[in-house]
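Based on the sequences and whatever the hints tell you, model everything.
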Amino acid sequence: MRERTSLDKGWRFALGHASDGSKDFDFRRDRSLVKAGEGRGAASPSFDDSGWRTVELPHDWAIELPLDPDGGKELAEHGFRAIGPDHPEHSVGWYRTGFDIPEADLGRRIAVEFDGVFRDSVVWINGHRIGRHESGHTSFRFDVTDHLVYGGRNTLVVRCDASSWEGWWYEGAGIYRHVWLTKTAPLHVAPSGTFVTTEVIGKTATVTARTTVANESDTQAMFTLRSTVESLVSSSMHILDPWQSVEVVHAISVPDARLWSCETPNLYSLQTEIESGGQVVDRHQTTFGVRTLRWDANEGFFLNDLPVKIKGTCNHQQHAGVGTAVPDELHFWRLRKLKAMGSNAYRCSHYAVAPEVLDECDRLGLLVMAENRLAGGGPEFEGQLRAMVKRDRNHPSVILWSLGNEEHTVQWSITGERIGKTLARACHELDPTRAVTSAMHDRGFNEGFMHVVDVHGWNYIGVGDILKWRERNPHRPIVGSEEASTVCTRGIYIDDAERGYVSAYDRRTPKWGSTAEKWWTFFAERPWLAGGFVWTGFDYFGEPIPYKWPCTASHFGLMDMCGFPKDNFYYYKAWWGGDPVLHLFPHWNWPGRDGEAIDVRCFTNCDSVELFLNGASLGRREVPRNSHVAWSVNYTPGMLEAVGHRDGVELRRTRVETTGEAARLELIDEAADFRDIAIVAVRAVDAEGRIVPTANDFVEFTLEGGGRLLGVGNGDPSSHEPDQASSRSLFNGLAQAIVQRGEGPVTLRAASKKLASCTVSLRERVQDA
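Just so we're aligned, residue 64 is where the sequence shown starts under my numbering, counting upward by one.
Please note that a few of the clues may not be correct.
Simulated restraints on C-beta separations [unchecked claim]:
1) 266 / 690: 39 to 45 angstroms
2) 114 / 641: 53 to 59 angstroms
3) 687 / 492: 45 to 51 angstroms
4) 709 / 369: 23 to 29 angstroms
5) 86 / 510: 46 to 52 angstroms
Quick caveat, the hints were computed from the structure, so don't treat them as lab data.
The C-beta atom is built at its ideal place from N, Cα and C for all residues, glycine as well.
Written out as C-alpha cells, the structure is:
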C-alpha cells in the first residue's frame, strides 16, 4: 500500500561557497556527471558530516545572516540580508540526511518529494546525481527506486544555490518546505494523477474523477479502479501494458450535494482504489469541493450563482522570526487572522505556495488567486506553470490561475501575447474549469496579455485609466489583482524618515498606490469590478518603501510581520466583515504635547459615533459609507471614549487611555489550540494592566522543560536585532516568540530589567509574583 513519511528531521547543514571551490566541499570536482554514482566531497555517502549543524525542516538559512546596509538596490529589495551575488560565502547551502529502506520494499516504486527549495538545487542519492531543479517556488520529485540500498542506510544530499534571485522581495534560502518519502506499488495512481471536477444541476452534483494510473513494471497489469465519494462508488476494469499509463474517467452522481462556499466550506473526499490480483495495491485520497464559478463583465464574480465581492489580500510566505521556513500551523494562524478581518480571498503573490496554505484556504472558505512566478516561454517556465496547475487544481478554494505579475517587458508586446497564449492554453488544457488572468499595469494594452486572459487583472487604479479601458473593453470581467499599497507603521503617527517609520494614518502611498478608502470605495461602488486584493495582508522583509536603510522590511501590510494589526486592519474589518466594529486611534500617550491638536479617528461600521474626552462630549459624527469619522482634539491626558450608534441605539463603546509607565510583562499563547507550535504575544502593561503603546523594553526569553524557540520578532520594520535569537526589544508595546512545543510541558519565561517577568505554560498563563 501507499506510504508517505516525513523526511523533515535529522538533517545536517553547512554553508558552501558560490565562487571559491575550495570552500564548497569539492562540488566542482564531483564526478557524478562523469561516472554514475561517483559523487565526491559532500555528495559522497562516505563524507564525514559530523561537524555540520543539525537542523530540522523547514529551514531558512538566510534569516540567520547578518545585514549589509551597503548592498545597493537589489539587496535592499531582499531585506539587506547578506546573500546573493555579492555574498558568495552565504549563498550556497548543503544538506545531508540518511534513512533506512527495508529489503521488503524491493519491487516498490519509491520517490523523494520536495515541497520547495530555494533555489537551484542539485540532489544526490547514495552518490548518484538524480536531478536538478532551478525554481525556488515549485514542488518537485525524483524517483529513486533504482538507486536505493535495500536492507540498509541511504544518504540523501541537496545542494542549494541562492546566488540568483527570482523576485524583488525577501526569498529566504534552503529547504524551506517539507520533504517526503513516498512508496507505492508498481501499479499506482500517478503523481498529481487525480483531477476532480463537479457540475451542479439543482441539488445534485455530478462528480467527475479523472485518474491517471501508471504501470511501472515489466508485466502487463489487469486491474479494477474504484472511485468512491462517501458511500457512492463507480468502478471499471482495465488492462495496462508495462511502463504505460492510462486516464480513467468515472462519474458519480451526488444527491443533495453540500456546496463549498466562503461561509460554508464543505469538503468531500474522493477515495481511489486500485485492485489487482485480488488485492488493493494502491489507495489514494483527494479532497475536493462542490461549487460553481462564473465571471460576468457587468456583475463581477459569482460563486454557486451568487454574487461575491472579492475582498482579498496579497501575501508573501514569510514571517518574523522564521523567514520563509514557516511551520504549517503558523500558515494556518496567519490565514485565520485574515479571515477574522473579513477577508474572503487570498492571492499567492507571486509564486506557487506551500500545499498546506491551500489546504487551509479550502477549510476556511478563502478564495484563492494562484499565481505563476514567471510568465516566460520555453519548457522550463511552462513546466513550472504546469506543475503548479496539476498540483493545485483539486483545491476548491482556487478560482483563478494567474500567468504572472507585472511582466513589464512582455505583457504589452506581441511577443508577450504569443507567450501568454501558450501559457493560457496550458492552463485550459490541464484545467478547463477555471479562468485565467494576469496581474497587469495599464500601458495602453494594444497587444499582449490582455488579449489572452479570461479575466483582466488590474494592478492599481492609480496607474492608467481603468474607466476608459472599461469603455473600450465592456465584455471583459475585471478583478483588482493588486490595490492600495498604503504604507503604515504600527503604532507610529508621525513620519520619521531617520528611523524609517511612516504614520499609521491611512494617507501615504507610493506614486502608484491608493489609500484604503480611495480604492475600496471605488471598487465597492462599481458592480462590474469583481473586487480586489490589497497589497498586502502582512508586512514582509524586503521592499522597504518609502525608505531604504534603516528599514529592512515593507510597510504595506494591514498587519506587521508578527501579525499584530495596524489601524487600517480595522478599516477593512469594518467594511468587509459582518461584526460591529468601533476602532479608535491613535493611542493617548503624548507627553510634552499638552494642548496640541491630535488627529483622532474612528474606523467603524456604526451609523454615527460620539467622542468624549474625560467625560466631555466633543461632538457626534455621521459615518459615511466606506469611510471614517475624525476629530481634531487638543491633547489632555486622561481618557478618550467613542460611543457608536446604529439605528439610534448604542452599539459599541471603546476607549484609549493615557497609561502609566510599563510595569510588567504579559505573555499570551495565541495558538493554544495548535498541536505543534505556540505563537506567544509579549506585551508590556502598566500597574493597572493597560498595554503601554510606547514601551520598547528589551526582553530575554528562556525555555524550560523542552521545546525549541523557533524565532522572535516585534513588527519593527527597521529592527536590526536577530530573528534567530532568545531576546528581542518590544516595539510599541509588543513582541512575539514562536515556540515549537516539546514532548512534555514547556514553560516560556520573559524577563526585562525594569519590568516584572512573566511565564506562560503554552496552555495556561501564569503571572510571576
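Quiz item: Which earlier hints turn out false for this structure, listed by number in ascending order?
Solution: none
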